[in-house]
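> Chains as they are written, first to last, in the numbering used here: chain A, 1 to 420; chain B, 421 to 663.
No wet-lab data here; the hints were simulated from the structure.
Ideal placement from N, C-alpha and C gives every residue a C-beta, glycine not left out.
Treat the hints loosely; a few may be bogus.
Here are the computed distance ranges between Cβ atoms for each label pair [unchecked claim]:
#, chain 1, residue 1, chain 2, residue 2, range
1, B, I662, A, D15, 53 to 59 Å
2, A, K116, B, E441, 42 to 48 Å
3, B, S577, A, D15, 26 to 32 Å
4, A, N416, B, D489, 52 to 58 Å
Calculated lysine to aspartate or glutamate pairs in the EDC-like style (CA-CA distance at most 16 Å, straight line) [what the hints assert, rightly or not]:
#, chain 1, residue 1, chain 2, residue 2
5, A, K33, B, D529
6, B, K478, A, D173
7, A, K111, A, E194
Simulated coverage check for chain A against chain B, where a stretch passes if three residues somewhere in it have a Cβ under 8 Å from a Cβ of chain B [stated by the list, open to error]:
#, segment
8, 22 to 36
9, 269 to 282
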Amino acid sequence: MSDTKIKSIKEYVLDSTSFFGEYGGSFIPEVIKPNLDELTETFMACIKDESFERELRTELKQISGRPTAFTPLPNLTEKIGGAQLWFKNEGLNHTGAHKINHCIGQALVAKRLGKKRIIAETGAGQHGLATATVCARYQMDCVIYMGRKDYNRQRPNVFWMELLGATVIPVDDGSQTLSDAVIAAFKDLISNPEDTHYLLGSAVGPHPYPLMNTYFQKIIGEEVREQTKEQFDRLPDCLVACVGGGSNALGLFFDFLDDRGVEMIGVEAGGRSTQAGDHAAKLLQGEKGIFEGYYSYFLQDGDGNISDTHSVSAGLDYCGVSPILAYLKDTGRVKFEVADDKQALTALEELSKAEGFIPALESAHAFAYAFKYARELSKDKLIVINSSGRGEKDLFITMEHFQKEGLTKFLKSQLNGDGS
Amino acid sequence: MNGYNNPLMTHLIIGYPSLEESFNTAELYTQYQPEFLELQIPFSHPTADGSKITEANKIAIQKNATTMDDSMNFIERFRKKYPDQKLMIMTYCNKIFRYGITEFCRQMDTMGIRYIIIPDLPVDSNIAAAIHDNKEIQLVPVIAPNIPEQRLNKILSFEPDYIYLMADYKITGSDFGIHEKLENVVGNIRKRSDARIGIGFGIGTGAQVKEILELGDFAIIGSELINAQIENRLEDKLRELIA
Numbered sequence: 001m002s003d004t005k006i007k008s009i010k011e012y013v014l015d016s017t018s019f020f021g022e023y024g025g026s027f028i029p030e031v032i033k034p035n036l037d038e039l040t041e042t043f044m045a046c047i048k049d050e051s052f053e054r055e056l057r058t059e060l061k062q063i064s065g066r067p068t069a070f071t072p073l074p075n076l077t078e079k080i081g082g083a084q085l086w087f088k089n090e091g092l093n094h095t096g097a098h099k100i101n102h103c104i105g106q107a108l109v110a111k112r113l114g115k116k117r118i119i120a121e122t123g124a125g126q127h128g129l130a131t132a133t134v135c136a137r138y139q140m141d142c143v144i145y146m147g148r149k150d151y152n153r154q155r156p157n158v159f160w161m162e163l164l165g166a167t168v169i170p171v172d173d174g175s176q177t178l179s180d181a182v183i184a185a186f187k188d189l190i191s192n193p194e195d196t197h198y199l200l201g202s203a204v205g206p207h208p209y210p211l212m213n214t215y216f217q218k219i220i221g222e223e224v225r226e227q228t229k230e231q232f233d234r235l236p237d238c239l240v241a242c243v244g245g246g247s248n249a250l251g252l253f254f255d256f257l258d259d260r261g262v263e264m265i266g267v268e269a270g271g272r273s274t275q276a277g278d279h280a281a282k283l284l285q286g287e288k289g290i291f292e293g294y295y296s297y298f299l300q301d302g303d304g305n306i307s308d309t310h311s312v313s314a315g316l317d318y319c320g321v322s323p324i325l326a327y328l329k330d331t332g333r334v335k336f337e338v339a340d341d342k343q344a345l346t347a348l349e350e351l352s353k354a355e356g357f358i359p360a361l362e363s364a365h366a367f368a369y370a371f372k373y374a375r376e377l378s379k380d381k382l383i384v385i386n387s388s389g390r391g392e393k394d395l396f397i398t399m400e401h402f403q404k405e406g407l408t409k410f411l412k413s414q415l416n417g418d419g420s
Numbered sequence: 421m422n423g424y425n426n427p428l429m430t431h432l433i434i435g436y437p438s439l440e441e442s443f444n445t446a447e448l449y450t451q452y453q454p455e456f457l458e459l460q461i462p463f464s465h466p467t468a469d470g471s472k473i474t475e476a477n478k479i480a481i482q483k484n485a486t487t488m489d490d491s492m493n494f495i496e497r498f499r500k501k502y503p504d505q506k507l508m509i510m511t512y513c514n515k516i517f518r519y520g521i522t523e524f525c526r527q528m529d530t531m532g533i534r535y536i537i538i539p540d541l542p543v544d545s546n547i548a549a550a551i552h553d554n555k556e557i558q559l560v561p562v563i564a565p566n567i568p569e570q571r572l573n574k575i576l577s578f579e580p581d582y583i584y585l586m587a588d589y590k591i592t593g594s595d596f597g598i599h600e601k602l603e604n605v606v607g608n609i610r611k612r613s614d615a616r617i618g619i620g621f622g623i624g625t626g627a628q629v630k631e632i633l634e635l636g637d638f639a640i641i642g643s644e645l646i647n648a649q650i651e652n653r654l655e656d657k658l659r660e661l662i663a
């Protein structure tokens, strides 16, 4: 079959009624079906409505400062001696990460639905922070669920969310991370199916979330296309993004899916080892399953129980992955690689010292792999990395790694009240 | 005693508090002759259950390492010992998906089990089609008072023998309450179907059972039985529920 006969992947994804290949679907309790049906219908109407699109673009510009910068890494490019490295700085968004893109989008849909109450899950806290921000902006009630482990390790974000008026509820079930927060949010929706919109924070979950969040994130790749055209008058050769649920990766990749010459690499969290429970590499080590409303790859045991995950970055510490990425993996359009905790931290330090950018620990996984891969490519090639967020939110985790004594001393001095 | 006609479905989790104790609990329930016994195959992440049942699942999976094979053996052993006690088997979608849906249904059929409850599997989904392929097994729909009429018609088109109806929008183990739309939904089901209606979620006292039975055919009790078991008053509770 010639390429011309293959339907556009972009059209295929956008035309989906819920499945992407065999993945996706809507495996949900009946009680929330009316809520999600209504959401699907309204979302599909919104994206066909020019006034919605105009409002969305205006809000993204005025609230979040889009377009975000497209930035070269000249020092690392020279040091590594391979492909040219550029990155898309999604960390410059309001609230510090790409999450605000789909939060603004979903909040505008929720407004049209007349919903007054928003709930969300969060891992790293970036999606929760962005949700709390849009809820304050549009004056909606906001409840954020957060696994207890994340609640403790992302304390600064908890504080900001509360300051923005959100109620943050730590979840003590399971491994106390992102997946448990997702379940808690679904349970909330089961109890409040009429007045509440669940602002799910990645391209996962039942239909329409994978499609809807991909749609609201695709602006990342659209801007990169324009920015590479302006800078180089051509397309990038390779796109690299980290993969937790998949929202930033799909945001970067989507617009290029039909440009067959553009290689795409998703980087999963290798954690501390390849043993079950020590990582979050579901596309590389997971098995097909049905969980949290969708059919995709999940880290699980032979009996169908969902495994614990680990990553130094809370945003990647999740057992499942977007059904759209599962489909793109099977078709070979996107390749998947892994970077572990140590590699991510090393890349974070390199980028900070060599270029003056401190990425989120999530994004550091993408940088880690890109630095390695750049060596294998010639100097005329262009790699674009998605820096999905900035690193300030990880202060306590990063500091513990690089300057543990300094952190301990600082915290002690604060407790003793002699911090001035 | 050969009635099994007390209008109740008592629920328990296989492997909680231990595999053997859960078998003993099942035997105890059977002595009270409920219309149905609901046996839940434990799952690491029970997405529609409240904290009590979630915790019990966690103990069954993490502490007692209850496997699918353990659960299947439990059901088989119970079936052989109490062939007249009707059973519904409840679990979550991923458990039977990983086990193999066709194989799961074949084994259920072999054991004489007719009804399975999977709250995260819509009856008209592509995955449920593999269950409908086995003509002996029925997926019991779990619906709530907010079900739109069109959706109810769709579900009734599968001609279920039983319907599991949520008394209110809640997760299991919440406080008792009857949603204002419940009576209307029951009426709509009665008009179009002969399905027997079990009503659950939040039911815990004899008085609440009586209230539920004015609408439904049987009351479904789960979390409150776990509470009673923990507090060593399980038999008192069972006596209260059937009084």
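> The hint says 26 to 32 Å between S577/B and D15/A; measuring C-beta to C-beta, is that right?
Hint holds: Cβ distance 27 Å, inside 26 to 32 Å.
> Verify this for me: three or more residues of the segment 269 to 282 of chain A with a beta carbon less than 8 Å from a beta carbon of chain B.
n = 0 at 8 Å, threshold three: violated.
> Keeping to a limit of 16 Å between CA atoms, is the pair of K111/A and E194/A held or broken?
Holds, at roughly 14 Å.
> Starting from the range 42 to 48 Å, see whether the pair K116/A and E441/B falls in it by beta-carbon distance.
holds (46 Å)
> Indicate whether the distance between the beta carbons of N416/A and D489/B respects the range 52 to 58 Å.
Since the Cβ atoms of N416/A and D489/B sit about 57 Å apart, the hinted range of 52 to 58 Å holds.
> Using the C-beta atoms of I662/B and D15/A, is the stated range 53 to 59 Å upheld?
For I662/B and D15/A the Cβ distance comes to about 55 Å; the hint holds.
> For the pair supplied as a hint, K478/B and D173/A, is the alpha-carbon distance within the 16 Å limit?
Measuring from Cα to Cα gives roughly 9 Å; hence the hint holds.
> Count the residues of the segment 22 to 36 of chain A with a beta-carbon closer than 8 Å to any beta-carbon of chain B: does the count reach three?
holds (count 9)
> For the pair supplied as a hint, K33/A and D529/B, is the alpha-carbon distance within the 16 Å limit?
violated (30 Å)
Violated hints, in rising order: 5, 9; the structure is consistent with all others.
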